[in-house]
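Start from chain A and add chain B with the ligand according to the hints.
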Amino acid sequence: MNPAVVDETEIDRLFKTLKNEAGNGGYFLNPDVDFTKNLVRGLLKNEHRYGYSACPCRLASGKKEEDLDIICPCIYRDPDLNDFGACYCALYVSEAVAKGKKITGPVPERRPPRSGRIKKSAIHILSTAPLNSLPLPVWRCTVCGYLCAREQPPEICPVCKAKKERFERFI
Amino acid sequence: MVIEHVNGEKKGKVMLYALSTCGWCAKTKGLLRELGVDFDYMYVDLLEGQEQDNAMNEVEKWNPNGSFPTLVIRDKKSIIGFREEEIREALK
Ligand code: SF4
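Quick mapping for you: the protein sequence lines, in order, are chains A and B. Everything in the first sequence is counted per the working numbering, starting at 1 for the first residue and increasing by one. Everything in the second sequence is counted per the working numbering, starting at 1 for the first residue and increasing by one.
In short, the hints are calculated from the structure, not lab data. Keep in mind that a hint or two might mislead.
[To be verified] Distance condition first, Cα-Cα at most 30 Å in a straight line; then the derived BS3-like pairs of lysine-lysine:
{"no.": "1", "chain 1": "B", "residue 1": "K27", "chain 2": "A", "residue 2": "K45"}
{"no.": "2", "chain 1": "B", "residue 1": "K61", "chain 2": "A", "residue 2": "K63"}
{"no.": "3", "chain 1": "A", "residue 1": "K63", "chain 2": "A", "residue 2": "K99"}
{"no.": "4", "chain 1": "A", "residue 1": "K19", "chain 2": "A", "residue 2": "K37"}
{"no.": "5", "chain 1": "A", "residue 1": "K161", "chain 2": "A", "residue 2": "K37"}
{"no.": "6", "chain 1": "B", "residue 1": "K27", "chain 2": "A", "residue 2": "K19"}
{"no.": "7", "chain 1": "A", "residue 1": "K19", "chain 2": "A", "residue 2": "K45"}
{"no.": "8", "chain 1": "A", "residue 1": "K16", "chain 2": "B", "residue 2": "K27"}
{"no.": "9", "chain 1": "B", "residue 1": "K76", "chain 2": "A", "residue 2": "K64"}
{"no.": "10", "chain 1": "B", "residue 1": "K27", "chain 2": "A", "residue 2": "K99"}
The following block holds chain A by itself, in its conformation from the complex:
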């Protein structure tokens, strides 16, 4: 299969899934359907060529462990929605923008530049942090902020569906 070619049925399928998940989680997709579907096409292209759905508007390294922060939804989505009413790509927008009450401009890049990135996964770094007196460690989903106290993070975030590898040790 040519990874550059993404077929339309696949785009429609993922678009519907994302729309449903957004609705259930209190998020909003950009109401400009053509623009949004084009981003979905980019997500699928990245999934095919890198093996993970890296942000379409950022240059992925091809190494998943270096790009955990920009697997969609990226860890920058929530702060960008708060500050600018849209994620960096504008795949997700705030409620006000989705309802046409506000418009967005370009969102500045929040991800550190190549030279300033932390290479190891957050779990790896934080699991070496000293244990304290709590009976269980507390894990934080880097995508949505969900917290839970258990031996290991869950396989999938029950709130935003991010995978286990995107959790970090919080306490």
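Just chain B with the ligand now, kept in the frame of chain A:
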């Protein structure tokens, strides 16, 4: 493919660094076409290895964040992101 050229009205060197998957990059390219200016563009995500590194070094010279789209006009000014008014103004 490294640099692609689009013919149009010559307004000095116009170079667009973009990603093939990015929505704002597509909008920027669309705007340049609409304006009918002569420009070059490069999809940095389609390059590999050293070629991609070289391209990123070039992008970072104009935009230390290394983000896309980065539009470089006449080797003098860079416009980062789809800033429609600024782009129209710079290419008047
Ligand atoms: S949520 Fe983040 S990764 Fe997903 S499209 Fe928006 S900016 Fe890109």
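Checking one constraint from the list: CA of K63 (chain A) to CA of K99 (chain A), max 30 Å. Satisfied?
violated (37 Å)
Within a Cα-Cα threshold of 30 Å, do K27 (chain B) and K99 (chain A) meet the stated pairing?
Roughly 22 Å between the alpha carbons, so the hint for K27 (chain B) and K99 (chain A) holds.
Can you confirm whether the C-alpha distance between K27 (chain B) and K19 (chain A) stays at or below 30 Å?
holds (23 Å)
Holds or violated: K16 (chain A) and K27 (chain B), Cα atoms, limit 30 Å.
holds (23 Å)
Can the restraint linking K19 (chain A) and K45 (chain A) be considered satisfied, given a maximum Cα separation of 30 Å?
holds (19 Å)
For the pair supplied as a hint, K19 (chain A) and K37 (chain A), confirm whether the alpha-carbon distance does not exceed 30 Å.
holds (11 Å)
For a C-alpha distance cap of 30 Å, please report whether K61 (chain B) and K63 (chain A) respect it.
holds (24 Å)
With the threshold set at 30 Å, check whether the alpha-carbon distance from K76 (chain B) to K64 (chain A) stays at or below it.
violated (36 Å)
When you check the alpha-carbon spacing of K27 (chain B) and K45 (chain A), does it fall within 30 Å?
With a Cα-Cα distance of about 18 Å, the restraint between K27 (chain B) and K45 (chain A) holds, given a limit of 30 Å.
Restraint status (C-alpha distance of K161 (chain A) to K37 (chain A) at most 30 Å)
holds (21 Å)
Taken one by one, the earlier hints fail for this structure at numbers 3 and 9, listed in ascending order.
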